[in-house]
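Chemist: Residue-level listing of the chains:
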Amino acid sequence: MIGITRRTSLRALSLGMVSAAAMTAGMAAAQDDTVTIGYAVARTGPNATGAGITTIPNYELWVDTVNKAGGLAMPDGSRRMIEVVEYDNRSANEDIVRSIERLATQDEVDLILPPWGTGSNLAIAPLMARFGYPQMAVTAVTDKAPEFAERWDRSFWMLGGGHDYATGLVEVLSAARDAGRINDKVAVVSVADGFGIDLINGARPAFEEAGFELVYDETYPLGTSDFAAIMNGAQDSGADSFVAFSYPPGSFGMTKTAQSMNYNPKVFYISVGGAFPIYPGVADGKAEGVMAIGGVNADSPTIQDYFQRHTAFVGNPPDSWASAITYASLEMLAQAIERVGLDHAALAKELSTGVFDTVVGEVRLENNQLRDLWWVGQWQGGSFRAVNPADKEGASEPVIPKPEW
Amino acid sequence: MRLILPLICLAVLAVLPLHFSDYGLGLLIGAATYVTLASAWALFSGHTHYISLATVAFYGAGAYTVAVLNEVLPYPAILLCAAVIGGTLALIVGLSTLRLRGVYFVIFSFGLAELIRQLITWYEVNVTGTLGRYIFLDITTRQIYWQMLALGAATIALTAWIMRARLGLALRVIGDDETVAAHSGVNLARVKLIAFVLSSVILTLAGAITSPRYVYVEPSIVFNPTVSFLTVIMALLGGANRLWGPALGAVPLFLVFEFLSSNFPDTYPIFLGLLFIGVVFVVPDGLISAAERLTRRGQVRA
Amino acid sequence: MLTTTVILGLVLGGTYALLALGLTLQYGIARIMNLAYGELTLLSAFVVVALFQGLGLSPLLTLPLVAAGGYGIGWLLYAVMMRPLVARSQGRGRLEVDSILATFGLLFLIQGGLLLAFGANFTSISYLDRGVTVLGVSVALNRLIAFGICVVVGAALVVALKTTRWGLIMRAVALTPGSAPLVGIDVNRAARQGFALGSALAAVAGASISMYQTFSATAGVVFTMKALVIVIMGGVGNVPGALAAGFGLGLIETFVATAIDPGLTLAATFAIFLLVLLWRPQGLFGARR
Chain A
1 MIGITRRTSL
11 RALSLGMVSA
21 AAMTAGMAAA
31 QDDTVTIGYA
41 VARTGPNATG
51 AGITTIPNYE
61 LWVDTVNKAG
71 GLAMPDGSRR
81 MIEVVEYDNR
91 SANEDIVRSI
101 ERLATQDEVD
111 LILPPWGTGS
121 NLAIAPLMAR
131 FGYPQMAVTA
141 VTDKAPEFAE
151 RWDRSFWMLG
161 GGHDYATGLV
171 EVLSAARDAG
181 RINDKVAVVS
191 VADGFGIDLI
201 NGARPAFEEA
211 GFELVYDETY
221 PLGTSDFAAI
231 MNGAQDSGAD
241 SFVAFSYPPG
251 SFGMTKTAQS
261 MNYNPKVFYI
271 SVGGAFPIYP
281 GVADGKAEGV
291 MAIGGVNADS
301 PTIQDYFQRH
311 TAFVGNPPDS
321 WASAITYASL
331 EMLAQAIERV
341 GLDHAALAKE
351 LSTGVFDTVV
361 GEVRLENNQL
371 RDLWWVGQWQ
381 GGSFRAVNPA
391 DKEGASEPVI
401 PKPEW
Chain B
1 MRLILPLICL
11 AVLAVLPLHF
21 SDYGLGLLIG
31 AATYVTLASA
41 WALFSGHTHY
51 ISLATVAFYG
61 AGAYTVAVLN
71 EVLPYPAILL
81 CAAVIGGTLA
91 LIVGLSTLRL
101 RGVYFVIFSF
111 GLAELIRQLI
121 TWYEVNVTGT
131 LGRYIFLDIT
141 TRQIYWQMLA
151 LGAATIALTA
161 WIMRARLGLA
171 LRVIGDDETV
181 AAHSGVNLAR
191 VKLIAFVLSS
201 VILTLAGAIT
211 SPRYVYVEPS
221 IVFNPTVSFL
231 TVIMALLGGA
241 NRLWGPALGA
251 VPLFLVFEFL
261 SSNFPDTYPI
271 FLGLLFIGVV
281 FVVPDGLISA
291 AERLTRRGQV
301 RA
Chain C
1 MLTTTVILGL
11 VLGGTYALLA
21 LGLTLQYGIA
31 RIMNLAYGEL
41 TLLSAFVVVA
51 LFQGLGLSPL
61 LTLPLVAAGG
71 YGIGWLLYAV
81 MMRPLVARSQ
91 GRGRLEVDSI
101 LATFGLLFLI
111 QGGLLLAFGA
121 NFTSISYLDR
131 GVTVLGVSVA
141 LNRLIAFGIC
151 VVVGAALVVA
161 LKTTRWGLIM
171 RAVALTPGSA
181 PLVGIDVNRA
191 ARQGFALGSA
201 LAAVAGASIS
211 MYQTFSATAG
221 VVFTMKALVI
231 VIMGGVGNVP
241 GALAAGFGLG
251 LIETFVATAI
261 DPGLTLAATF
271 AIFLLVLLWR
281 PQGLFGARR
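Here the protein sequences come in this chain order: A, B and C.
The numbering of the first sequence is my numbering, which starts it at 1 and goes up by one.
The numbering of the second sequence is my numbering, which starts it at 1 and goes up by one.
The numbering of the third sequence is my numbering, which starts it at 1 and goes up by one.
Keep in mind that the hints were calculated from the coordinates and are not lab data.
Note that beta-carbon positions come from the ideal geometry of N, C-alpha and C, so glycine has one too.
Each hint should be verified, as a subset may be incorrect.
What the hints assert, rightly or not - Just a sample of chain A residues kept apart from chain C, beta carbon distances all over 12 Å, derived:
hint, residue
1, VAL63
2, GLY180
3, ASP305
What the hints assert, rightly or not - Now the in silico label distances, taken between C-beta atoms and shown as ranges:
hint, chain 1, residue 1, chain 2, residue 2, range
4, B, GLN143, C, ALA87, 45 to 55 Å
5, B, LEU7, C, VAL222, 42 to 52 Å
6, C, VAL6, A, GLU362, 54 to 64 Å
7, A, GLY382, C, ARG88, 58 to 68 Å
8, C, LEU61, B, ALA182, 51 to 61 Å
Claimed, not checked - Reference listing, derived: stretches of chain B covered by chain C, where coverage requires no fewer than 3 residues with Cβ under 8 Å from a Cβ of chain C:
hint, stretch
9, 102 to 109
10, 112 to 123
11, 263 to 275
12, 279 to 289
My request is simple: use the sequences and hints to build the entire structure.
Modeler: Written out as structure tokens, the structure is:
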């Protein structure tokens, strides 16, 4: 029967492709004077936007910076150039998983950098653990980070969990209420996906404990583009504080809607997107006083230098939340390599226990997690400044009430 | 002869992972998954010409079932549950929609996937209060491959059997002309329903089998509409009304996607777009027909 | 409370209806199910934003420009890509499959081009973002303008299709493409015009969306789906139907968001859409064919 010969020839074809790939991998491995670093990031699909803002520019900037400096410094004092192997993960878990398998077993790269997004990082974690690669999961916000760090002992969770951000926000609002600047009513909306739910689940008990009343508390589906009804409900609720656990399209849409309907809560808080460099443009130059997730110590010279280099290399400044952490994670990697070389076990141990000097300052992980983070930031005088934790060095004083739009 | 060669192939495919690296195995799983999806899709759509974009509704439902039940039930029981859920879903959908024709059915099936995704999201957010579930199952990649291979082989065998049975004949008549089919005594509703449910159960199982590879499951991850589109394109490329057509479309397309996304990550969508347009203009009836025309030894089959 | 819901719903519905007009023309007259419709919308939105940010041209000024550009692109697409498919297909089922596949390819092609040209960033501009009070409800001026464009364009289309000779030809082609040539109608020409006009409307919708919404190069599918839902609900090729369905959808979404639960807006959209499909596949306002 005709179909059978086709089936066999197909198998031959796929075998051929695999062996061709194996050959190129062998050639790459033969060049021992370079360090191959692989990453599979979303170039297409829904994750492409997040990866394009936070992940890819920083990877490229870092590789460029290291190679211009002569390459990665090794423990023996030599320097080796970085060679990049990059794949598109098409924002699909199946492709993410397969591309990690490819990087690890076919290309046999020295190091693997993680993709963008909580789901993607979780999808690759078991594989990274199995192949022994350290995983610097930067763009993953999850309350289960301690559990994951224990389950996969070479994984490092660098961006905290939803509870952290929610608690930080409640601290800021509590202080303002105790000072008599806002009332104890809060209107909160959250996007219906893992991130939004993590945050709202952390925020509800925290608000309650601090004596706040959630007078408006709704979720909206991912993909919502019209926020007039939601903002109307929030405005009518009588709350002084508006809190949105949102993604960029929602954060931007709510900002614009609030402006056009002249909704002026004393606290206006949005989540992802609020720290993006394009935010002041979205807010029509009236971003002053808007609070959002994340933040940087805008007065720190290392951060200012990083912002300048990022702007020069990419064409726009980085976002003021996960970008600096992403870059810092790469600096940690480079410094760990300089101390212990490319051996994965030694590298993971060094990352876990070492102290590193990065753009976000001196970094030391606790139980494989970066805990020394900024939870809340605010636009003040044209830059996005961290305001919480208030006792951390470099924190700015929050401006409440926010000036009117 | 007709049985022996496919069985030998199957045996060879089954021992392949013992000699392959993890990436090779990943490729095999991907290819086997899409062969299964495309073949299962063609089982219903190939002859009836009902273009369904609901593939991911079932595929995602399967994955989600595993995510919900993986800590409660033993694995075989989870698969059974997934099959039952997929079958029930297909029955409900089938009973209410199969009288839709043409583009209405296409769009309905697409809307169905979105509706299920929205409802699960809403339910998780408001009732269970968690979104995002974890799958920690002790299943190796090889086991996943073998399961998928078995499911794929079963799908093709089932298709071969149906094409010879009365059901296949009835489906072909429906595809040619529903009115004629009704007049010649075909129970339209029942035939379509049986094929739809069979196809949907396989799609659901495929989703359930691959899901341990994801670890983390969220509606926006498992109900990725690209899966539906790719399945249709693959089946049509090979020839949806031929036994080996979907498999023949799935494997090369899968490899081409893999090649493009690794070698041209920047321009991958452009290549992909050109490829689709090329398929429509160059091999409109599927590769098998094109090959037959080319070698001029094609005898026209229905 | 009720007036707020109604006004917000109508304004939202206006933007939806505008989005759907072009698609209903393309499918109704040219018989092409254009899955790349959202990408055409996005393309226009990106061009408008680029002109606004680069040259400081106001979106309202560039709107006629992109509309003309959209017409040209649609014309070319039909002549080069769709016409051979139409000529090849004998029956309608064949063309449906072919056009879905071909425009699916087009979708990726345009998306890839947009990603290369404009990157993956979210794009959002601020233009006429101030509030205007309508019957005591504050509405964004740019949304009100989009609503106005929708009403003007929709009304003009309805009148033109109803009263002019051109409209008669278009309706004849939409209704019975097989017998239209018998009365001397150049079906190919009419279909090309219908497709091009649909693309022009997609461009207009994109230009108005760029004024108020955040979008990125990968968001086209969302627009296509929204338009598709409205087209089906209004009846394929039925311009007044698409207008009514668009407004209806806007009202329903706003009502669900205010009175029931914002989390269910999209679910409600799809549920209603599926119900309409089952109950009246020809659309709420379509005649049985």
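Chemist: Next, verify each hint and record whether it holds.
Modeler: Here is how each hint holds up against the structure:
1. Its beta-carbon lying about 19 Å from the closest one in chain C, VAL63(A) satisfies the requirement of being farther than 12 Å from that chain.
2. Distance check for GLY180(A) against chain C: the nearest CB is about 29 Å away, which clears 12 Å, and the non-interface claim stands.
3. Interface exclusion of ASP305(A) from chain C stands, the closest Cβ pair being 23 Å apart, more than 12 Å.
4. GLN143(B) and ALA87(C) have their C-beta atoms about 51 Å apart, which keeps the hinted 45 to 55 Å range intact.
5. In this structure the hint that LEU7(B) and VAL222(C) lie 42 to 52 Å apart at CB holds, the actual value being about 47 Å.
6. Evaluation of the 54 to 64 Å hint for VAL6(C) and GLU362(A) yields a pass: the beta carbon distance comes to about 58 Å.
7. For GLY382(A) paired with ARG88(C), a C-beta distance near 59 Å keeps the hint of 58 to 68 Å intact.
8. LEU61(C) and ALA182(B) have their C-beta atoms about 58 Å apart, which keeps the hinted 51 to 61 Å range intact.
9. Residue count for the stretch 102 to 109 of chain B with a Cβ under 8 Å from a Cβ of chain C: 6. That meets the three needed, and the coverage hint holds.
10. Restraint check on the stretch 112 to 123 of chain B versus chain C: 7 residues with Cβ-Cβ distances below 8 Å, three needed, restraint holds.
11. Evaluation of the coverage hint for the stretch 263 to 275 of chain B: fulfilled, as 10 residues show C-beta separations to chain C shorter than 8 Å, against a requirement of three.
12. Given a C-beta distance limit of less than 8 Å, the hint that chain C covers the stretch 279 to 289 of chain B holds, as 4 residues qualify and 3 suffice.
When held up to the earlier numbered hints, the structure conflicts with none and fits them all.
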